[in-house]
Amino acid sequence: MAKSPELEHPNKSFGWAARDTSGLLSPFNFSRRATGEKDVTFKVLFCGICHSDLHMVKNEWGSSIYPLIPGHEIVGVVTEVGSKVQKFKVGDKVGVGCMVGACHSCDNCDNHLENYCPKMILTYGAKYYDGTITYGGYSDTMVSDEHFVVRIPDNLPLDAGAPLLCAGITVYSPLRFYGLDKPGMHVGVVGLGGLGHVAVKFAKAMGVTVTVISTSPNKKKEALEHLGADSFLVSKDQDQVQAAQGTMDGIIDTVSAQHPLLPLIGLLKTQGKLVMVGAPEKPLELPVFPLLMGRKLLGGSCIGGMKETQEMIDFAAKHNITADIEVIPIDYVNTAMERLLKTDVRYRFVIDIGNTLKSSN
Amino acid sequence: MAKSPEEEHPQKAFGWAAKDSSGLLSPFHFSRRETGDGDVTIKILYCGVCHSDLHNVKNEWGFTMYPVVPGHEIVGTVTKTGKNVKKFKVGEQVGVGVLVDSCKRCESCQQDLENYCPQMIFTYNSFSQDGTKTYGGYSDIVVVDEHYVLRFPENLPPDAGAPLLCAGITVYSPMKYYGMTEPGKHLGVAGLGGLGHVAVKIGKAFGLKVTVISTSPKKEDEAINRLGADSFLVSSDPAKMKAAINTMDYIIDTVSAVHPLAPLISLLKLNGKLITVGLPEKPLELPIFPLVLGRKLVGGSDVGGIKETQEMLDFCAKHGITADIELIKMGDINTAMERLAKSDVKYRFVIDVANSLSQ
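If you read the sequences in order, they're chains A and B.
The numbering of the first sequence is UniProt numbering, which starts it at 1 and goes up by one.
The numbering of the second sequence is UniProt numbering, which starts it at 1 and goes up by one.
Don't read these hints as lab results, they were simulated from the structure.
For clarity, every value in this text was computed on a predicted model and none was experimentally measured.
One should not assume that every hint holds.
In silico DSS-like cross-links for lysine-lysine, where the CA-CA straight-line distance does not exceed 25 angstroms [unchecked claim]: (1) A/119 with B/269; (2) B/242 with A/282; (3) A/236 with B/282; (4) A/269 with B/282; (5) B/176 with A/182.
Bound conformation, chain A alone (with noise of 0.2 angstroms):
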């Protein structure tokens, strides 16, 4: 008979957990395994809160179990290391991401793309070599292996830097793939939430021009004053798409709602790209001609290898790139969720952890 969440491993650990489709958390005994030969053991401090997050813990993509703790924008201080460990000292400021675990022999693997390892182990809600579920950061403690832990340099701000670890990585990563980190290019952002001002924020420190493009036009102020981006499109107003068509060398779309393609795919200039990393449940409408008579393309990202999570954050750190957030208690978790939901936060909620989530025990 499997043993119960608390009793599985040898360290009590506590955390909020959804226990069914509702989404809604509540506080959750479970425990952690020992500290591994590989493993690095850390004390949360914070953990941001992705939209991933809410999707999960309603289980609106098929796949949670539960229960679920979700987090994975973790950032905390080393308290034990494993024998074998070379990278990490205890005191050390650590952050672990979206995933734990990988195959570490495929091609992708070898190629430091652990993100497109087929046997890709997330950070939460997925079995664990040991067969566990694994848990995220909604809690007091992490056990990772060090090869998924990435050091947080002393100058990023714990909190703001947290969900560079999700949202920071899926912009950088395809900025980097697709080339569109060049000075002098121009590039449209697509949506202006989590992933949309991280994404505004590395575009401009790689010397890219930036459009943001968003339906709302009361963001226009923030995109422009606050942000630096250089221009603002509203993509429902059809003048100022037809006067912005062929500007773009590529444009990152962070929109995870249905949205039309053809638009945005008039605003690349030939042999532009369309980068898509928020992902619609449904299929969109692909107009076939524009794409072709500008030899124009639209591919996907996902995430980022480890080795370019550690990058994308000696990158922030360098260029002082921080998340815009609103940290909160971990009471008030149920309450975020359902603020996000309505895409009502400026940009990222982050769980004060290590001063507000006590065990009650």
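Use these hints to put chain B onto chain A, whose structure you have.
Below, chain B alone, put in the same frame as chain A:
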């Protein structure tokens, strides 16, 4: 008042044109401009029948200007050259493809990508710089700026080589641009028609493993034994499609009917590329999740620039690649168009213009 097609230019010309959206072609007298200083006048020997010709004569894309003389896979002999012409001399065998002019100044033109110039002029059904309409290769002569004329390699047969001027470059260009040329990699070719069969031959010449993906099981024997494909996948067979998931590095999609993309995307490996060169009338359904999870992409491509078209012809000459054709007389063009609409041709009709176009 605008002059009639017969009178608008000094050189008499004769061809077959469609006069309305029935698409039926019939004899048509018109004229060609004087051979300008940079121009080459060509006596047309052969012209391939491209599926685009069929779309155009029936106004299926909505922008046909009748009367239309189609034909953009033209091979012929130079009969006159303008005084500034450097690349060609009288008697040489040459080709003309899909475009006959562009602005020559924009970024695309500067990068030898005249096919993406916003002012690019098609070989037929476009307006020339002088405001007159362009007429294509279902005719006896054509006058073209030398920049847009291709040298036709001597060892390429002019009849079987003609379709390369559109079908050939249409698949060669994206294969180069999207990096689909690494020996040993696996290319899928969706659709086995004019474009598809040339893609198989060029893919094999690049050293790729080639799988033909088709709805018609009866094309398998041809694909493998005659065209040299390594394998054949019937896309309407769910079990076979499932077994082929995640096996292809790239796919060239030549299908111009509306068709599902999801099954093709599933055949691609990580970072796989689906390149679409067919032109369906309506938008296609594109699932996003598989693109994101596998960092896959869907890209388009439209013929190629002049420099690359020449490179393609030389490549085909070197590797002995020609189209598989059915040679027809000009008078049989309407029957050929009907058969083309039913994909009843292996794999391109070519009009024997010089021997069958008579006034």
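To see whether the hints hold, each was checked on the structure:
Annotation: proposed proximity of residue 119 of chain A to residue 269 of chain B holds, straight-line Cα distance about 15 angstroms (limit 25 angstroms). Pair hint residue 242 of chain B plus residue 282 of chain A holds up; C-alpha atoms about 21 angstroms apart against a cutoff of 25 angstroms. For the hint pairing residue 236 of chain A with residue 282 of chain B, the CA-to-CA distance comes to about 22 angstroms; that is within 25 angstroms, so the pair holds. Taking the CA atoms of residue 269 of chain A and residue 282 of chain B, the gap is near 22 angstroms; set against the 25 angstroms cutoff, the hint holds.
With a C-alpha separation of about 23 angstroms, the suggested pair residue 176 of chain B and residue 182 of chain A falls inside the 25 angstroms cut-off, and the hint holds.
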